[in-house]
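The listed protein sequences correspond, in order, to chains A and B. Under my numbering, read the first sequence as residues 1 to 119, first letter to last. Under my numbering, read the second sequence as residues 1 to 516, first letter to last.
If you are wondering where the hints come from, they were derived from the structure by calculation, not from laboratory data. Mixed in with the good hints, there may be bad ones.
Quick list of simulated restraints, FRET-style, between CB atoms [as the list claims (entries may be wrong)]: (1) ALA35/B to GLU2/A: 53 to 61 Å; (2) LEU208/B to ALA66/A: 36 to 44 Å; (3) ALA66/A to ALA420/B: 52 to 60 Å.
A few chain A residues that don't get close to chain B, going by computed Cβ distances all over 10 Å [what the hints assert, rightly or not]: (4) VAL3; (5) GLY8; (6) ALA15; (7) LEU32; (8) PHE42; (9) ARG58; (10) THR64; (11) ALA69; (12) GLY109.
Every residue gets a Cβ at the ideal spot worked out from N, C-alpha and C, and that includes glycine.
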Amino acid sequence: MEVLLATGIGALTAAGIYLALRSRTFELVLGLTLISYAVNLFIFAMGRPVTGRAPILRDGLPPTLANYADPLPQALVLTAIVISFAMTAVLIVISLKLRAASGGDHVDGADGKRAGEDP
Amino acid sequence: MRPVSGLLPHLAVLPIVAPLLAGAALLLLRRQAAAARAISMLSLLLLLAMAVTLVGYTAGGATLSYALGNWPAPFGIATAVDRLTAMMLTVSSVMGIACQLAADGRASLRFPALLQFQLAGLNGAFLTADLFNLFVFFEVLLAASYALLLDLQSPARLRPGLHYVTVNLLGSSLFLIAAALFYGVAGTLNLADLDVRLQALPAADLELARIAGLLLLVVFAIKAAALPLGLWLPGTYGAAPAHVAALFAIMTKVGVYSIARVHGALFAAPTPGGPAGEPLAGLALPWLLPAGLATLLLGAAGALAARDLRVLVAWLVIGSAGTLLTALGLGSPAATAAAFYYLPHSTFAAGAAFLVVERIARARAAPAAPDEPHYLVSEAERVRDAAWVGALFFAAALAIAGLPPGSGFIGKALLLDAAAAAPARAWVFVIVLLGSLVTLVALARAASTVFWKPMARASASAETLAEAGPSGPAPIPGRGLTAATVLLLGGGLAMVVLARPLFDFLLRAAGALVGA
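Modelling step: build the complete structure from the supplied sequences, incorporating the hints.
Structure, rendered in structure tokens:
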């Protein structure tokens with residue numbers, strides 16, 4: 001379980017960083033998305049995920065973390081998912097605008113030439 | 001502590017709620033520019049009144065904390081006000097007023113609403129007592145800043161906009177990793193609670209806490225534009241319209257504030273002669289000082305090399321961030337207080353400089369459009385009202401370069417005074433003074449290129465004068481711009497007049513930060 005989670009986070013991060021360093025906006029968006037997935041899993045892992053514990057309070061069980069799954073990381077992950085989702089949308093809109101304006105999908109504007117700079 | 005009653009306790013959360021409500025209302029009023037401007041200004045004045053009240057309340061050492069929904073302390077969402085927070089709220093509301101004044105006919109109709117959202121994010125970041133909410137408010141202010149930067153949809157802003165968003169998304173990911181690590185080792189994200197629990201951390205978890213603290217430093221250094229991480233700034237700020245760039249001048253300061261707040265409280269430097277302190281004490285200091293000094297030099301060099309006036313001011317913003325990080329890196333309460341004095345000064349001065357540059361661009365015989373570069377050497381040549389515009393530029397330059405009677409002079413004097421006892425004093429003295437000199441040269445060269453060169457050329461050839469004279473397009477009135485510039489420069493002047501009480505206030509703020 002630990003090995004699976006850790007390698008999963010590591011693979012997502014590595015792929016995300018590789019893609020984020022590429023020069024096309026599409027790959028950049030994919031890379032940042034993968035990094036945000038890795039981060040979300042990492043937050044979840046930092047809450048010490050366990051199996052077989054109830055997420056919702058039950059009668060008869062004292063309300064301590066020994067008996068229940070930690071709810072806070074789940075709340076944090078939800079917030080992080082919403083924010084990264086919205087920011088990815090912003091990034092995609094900017095990328096599309098840039099493509100329309102510069103005629104290419106290079107992160108510096110059209111290939112070689114930089115948009116908005118003097119020749 | 002005297003009992004708090006009435007509206008006062010709610011002042012710890014109203015500076016977030018009020019601009020959010022005003023911004024939401026302004027979204028509905030997009031077509032009525034005059035009404036929108038009035039509502040926006042009303043909300044800003046209200047914010048300023050709240051901030052000044054809080055300054056008065058906290059001056060005696062009182063603090064205010066607010067638990068949203070009345071959830072008990074380590075579990076719920078909490079906000080807190082101390083002296084530092086009250087000062088930052090005042091600075092942000094003054095900047096908001098200046099930017100709203102400066103946003104005239106050329107500004108987008110959405111600007112007032114976005115300005116309110118930006119202020120809600122800024123004030124939230126200053127008020128929060130919780131690491132995760134610091135992240136959330138960072139995202140709120142960044143989201144508003146993306147919209148502010150790209151609002152006019154000019155193609156020239158798309159490329160810096162894409163870079164800016166990308167850098168900040170990566171920064172946000174690192175922030176989340178650091179916050180999750182802190183939660184993993186300490187089981188809390190409340191800053192005060194975290195401080196207590198970090199001191200009693202088992203040795204096995206110390207390295208994780210160290211990694212989390214340094215990752216967080218990287219995140220804040222991205223926001224503060226410290227050397228290896230700040231190269232996104234000149235392109236972004238240089239491309240933004242003037243009233244937006246002036247507002248952005250406070251955003252680098254959020255990074256500096258967060259370093260002071262989080263690292264200053266969690267990893268406070270051990271006091272000489274005091275108790276041995278926690279194992280991670282002074283974690284950020286060995287990184288802050290060299291990074292700050294290098295950033296300072298780079299900012300000065302960049303200003304010297306800039307060919308565009310706005311990019312020049314953007315490099316000066318980097319230089320001021322370097323000065324602030326240097327002061328924080330010294331670690332002593334006196335140096336931290338000097339940083340807190342330099343922080344509002346550099347915000348006001350950089351904001352004023354961005355506005356003056358816009359004024360110059362409009363006063364030229366052929367004004368540059370907002371999304372065109374404002375070159376130092378311009379085909380448009382002559383500057384109208386050169387005496388008046390030049391005086392404003394001179395005043396802003398005095399403040400930025402740190403010459404008396406500007407507030408920068410006092411800020412740098414306080415910094416050097418605090419550095420005199422530090423082991424690295426030679427480095428600090430040489431680099432801070434060298435940086436000031438290079439900044440001065442860059443500003444003097446810019447002024448003579450902009451104001452005097454065209455004059456000399458015009459008097460040499462009579463045709464040029466006739467051509468650039470009455471036949472040029474009518475100048476765009478810049479009354480709001482001028483008023484905003486005067487307001488910001490006046491803010492700096494007030495800091496000079498009130499230097500003594502202000503510094504005492506900040507010294508106590510710095511002491512309380514470390515002691516907390």
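Results for each hint:
1. ALA35/B to GLU2/A: 53 to 61 Å: For ALA35/B and GLU2/A the Cβ distance comes to about 59 Å; the hint holds.
2. LEU208/B to ALA66/A: 36 to 44 Å: Given about 22 Å between the Cβ atoms, the range is violated.
3. ALA66/A to ALA420/B: 52 to 60 Å: 55 Å, holds
4. VAL3: 18 Å, holds
5. GLY8: 15 Å, holds
6. ALA15: 14 Å, holds
7. LEU32: 5 Å, violated
8. PHE42: 6 Å, violated
9. ARG58: Given that every Cβ of chain B is farther than 10 Å from that of ARG58/A, nearest at about 20 Å, it holds.
10. THR64: 12 Å, holds
11. ALA69: 14 Å, holds
12. GLY109: 5 Å, violated
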